[in-house]
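Each chain, written out:
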Amino acid sequence: MTDAAVSQRWRTRLTLWLLLAPALLWLGALILLPHVDLAILSFRARTGPREYAASLAQYRTFFDEPLYWHVFVRTAVMSIIATALTLLVAFPVAWIIAKLARGRASSLLFIVCLIPFWVSETVRTLGWMILLRESGVLPGLLVKLGLTSVPVELLYHDATLLVGLVYTSLLFMVVPLISSLESLDNALIEAAYDLGANGFAVLRTIVIPHAAPGITAGCIVVFMLTLGNYLTPTLLGGKNSQWFTEQIYTQFITRFNWEQGAAFGFLLLGLSTAIVVLGLRLSGQRFAEVMRST
Amino acid sequence: MIPSLPRPVWLRSATLIYLIAFLAFLFLPLIVVALFAFNDAPYPAPPWRGFTLDWFIGSATTGRTGLFQDSELLGGIATSCLVAAWVTVLSVLVGTSNAFLLERARFRGKQVISLMMLAPLVIPGVILGISILAFASRLADLADELFSWDLDFLRPGLTLVVLGQFSYLATISTLTIAARLRRFDRTLEEAALNLGASRAAVFGTILLPYLRPALLGSAAISFLMSFADFNTTLMLVGSDSPLTVMMYGRMREGATPVLNAVSLFLMLASALLALALLRGGSKKPA
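Chains as they are written, first to last, in this note's numbering: chain A, 2 to 295; chain B, 134 to 419.
FYI, nobody ran anything at the bench for these hints, they're computed from the structure.
Zero decoy hints are in this set.
With the Cβ distance kept under 7 Å, some of the chain A side facing chain B (calculated, not the full set): (1) PRO35; (2) ARG125; (3) TRP129; (4) MET225; (5) THR246.
Some residues of chain A that are not near chain B, with every Cβ distance over 10 Å (derived): (6) ARG10; (7) GLY49; (8) ARG61; (9) PHE63; (10) GLU66; (11) TYR69; (12) LEU86; (13) SER150; (14) GLU154; (15) LEU163; (16) SER184; (17) PRO210; (18) HIS211; (19) THR255; (20) ARG282.
For glycine and all other residues, C-beta sits at the position ideal for the given N, C-alpha and C.
So here's chain B without its partners, still in its complex pose (with noise of 0.2 Å):
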């Protein structure tokens, strides 16, 4: 019920009690991932033994290889930030151009284009990789037969999992500069062509400070969720693996608690994002 309203005392205690169950709940599992990076033990699990940086330092003399020397985890950090640097530009890009052309083109077929826009959220991840990667090998295939052309992007590797992570992230960029587009007071552009600004300056002055806000937020939520994804990547990856589909594969095994270390990094570095995020938000309001 709503505070106005006479809400009794059980009603209240059970409100908090749910909402203690329920921040637990949300957080308990990244706390032990934090926790059990520092514990002194072979295997991340209980009994704590100590207190330890042997999962960030340690090198192979010391019998536990620390993040910061395992070089396939950091060459797993490294192709993540080249794989999500790529589509953040990528979507940002086709972003903005599809933000236009949404609210500002008007062309026959524009509810088609604009629904299919959409699709891509409704397809299921792993459908997407496959797709991508089945349509990929066919072309690899024809061209392969029909010039002898050895066409190796288009086998797993990097190139597809950027397309593969772009082809659903477009529409997130997209939806998200379009919807700030549309409310942009247009007489703002009308007055500055009156003055006499080029459609250059009226864009470079007026339309890319407007659309700030909305460009920033899809580059962060592009370059976190290429960070993250799992399914569209697994379909495919080749031979150098993002860190996700690393961990995923070190998890399998049974790992040890360098995965918490590099877990608490992904942490620390996407707070750290998302706080530079609210701040830019905040400093300049909507």
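Next up, chain A with everything else stripped away, as it sits in the complex (with noise of 0.2 Å):
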């Protein structure tokens, strides 16, 4: 082997371990080895001052304590809910902008839908709880439009908490769904039209098999998102609608019991990674791509 090739190869070697560092210290310094560090945190437990032990206590805690699981499956079905209605009021939309408007009504339109989502949660909520509270705008709207007699307190039911979870999802949800539309052919719901298939069979034979993809990875974030909210749940849920984030927060911030934290966190993770898989496996997709589509 001549020298130049022997360092042409050094070189090749030494460029790969400097691309590789950072990405190697960002995934284990802050992804792996903490994530690892949580699940041994979940599995112990104390038993005297600085001492612990291996145990399950946890997450027998857990299943013992209604309270606990009851949030856990509260919020579970919450966002699936809040889930499926994100859908519902994103895909017309979707619809439109991909297939209705043209030219540059289209991204004039898309470019508005983008706008709110570049403020932050914590301003979009604020400005719910500004119209719904019950000295707020649209419970007074109420009252002089003579539906009401007194102001109705909107905010703290469940239905606020899923107005505010579907609004903070929207945008999630649109975006995969206009990039699965967009590459739907015309000529194919005009060719379905014209042997005599109404609207409900076309977007059902056709539109939906063909935007499946845009609808998993939609579906997949929203849901994520929606679970792993706080904001909302917090500010628009009021205090008898428990989501199961405010638990991690209580157990490691308010009462520090880090290893009871833990267990609920790796729950959550558990929960969350089990609907991705599942939503993957229903669609036939595989992870890299969907994430790649969004």
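Using the hints, put the two standalone chains together into the complex.
Below is the structure:
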């Protein structure tokens, strides 16, 4: 082997390691090791001052204490409902942007849809609070219209919470839907129509199968974000609306019971991962493809 | 249905009504936030009592502390900017390096690495936060025990907030930059090398200008998402609160319209950033 070839090989090696170092540092120190540590934390229990033993006590507490798993199930169910509602609200607008509006109108409408999401969730939630609270805009309007005699409290209901969750999630559903609908050939719809299919049949047999990757991607992302949301449930859902992330926060920050908090964290992570895997299985897609399409 | 097919009148009007309702739903919260920043009342609620700028310029002497006199909120904005700047620099640098790693390098275990890079997107932010919090505390305890080092940056505080936000924003900038690098025409690079350009010159004069839109785009996204991040930040925050956490605290207590004022400021800032980005994007089409 010549000297030049050897030095060339060394250079490729060096470049590879220089590129690999930041990636490994990031994934190792901020993702992998912290989660391993969290797992260890969740599988131990305090036996005395500064003494710990391996145990399943944290997970047992979760199943023994109805409050905890009730909140867990509630969070999961509400997240599923919120995801379904988001899909229903987002689909027509994605259709309008991808198929009905043309040229400038379409891109303008798309940008208009993006605008609210450039602002932080805190600001948007503040807006909903001003709109919905007892002394707020909508209850006042309802009294003026004579629909209610006194201002009603519209905050702190499950329905309010769903409105807030759908609102924060919309963008993450609209974007993948648009990209999957845009690739649908209009000729297919025309052909189906010419052959006598009605709107519903076209939707069921052509549009939905074609848009399935976008629908899956959107639903997965929205479900995950809803499950892990903290701000909207605590501010719009009020005190009696418990969300599982609140339990994690309480254990970790308020009660300083890190073992319990770690176990709760893993349960939430497990649920979120399970739904992602299930969604991919059902639609027969690969994780990497879905993530790239969003 | 699509425009080339006949659409009955009821369908057309239903579409229009839906679109109007959708846009109202989208913008109503933002409009009321902006509007009530100017209401001459102690709380952000109707009725409308006249126009005032108190919530921007008022001082303690008028009984209404406006945004420009509220040192706590201004401090929060400064903290958020500091954190966002660090996160942006880190995630664009690491994102660029990752993009080259994924698109150019060949090595064993590449599949595993590229899959792992996607993982932060499917881990809820709260869990990223607590795992980093727990791990950093363990390291700090260990350093204290073994060497009696006092590693303060591993305790809840801004360093951990930066690392926590970076841990998932790096994925987004990696995907953005890698997507652009993938479409690069490598014959340009080969031509430059054949003509005698050094590797560094090729990188500086061909690759960097080509990647510029993706770099700027991911920088803007990192900055905005860092500024807006709540879940991860809440778990890692120490004594200096970034703006979102501070606003959250005040919203729970029932805040004065000064929060509307700061929100309006945020809206304008992000709108300007978005506009600049769209402008920059259209000047040099991809």
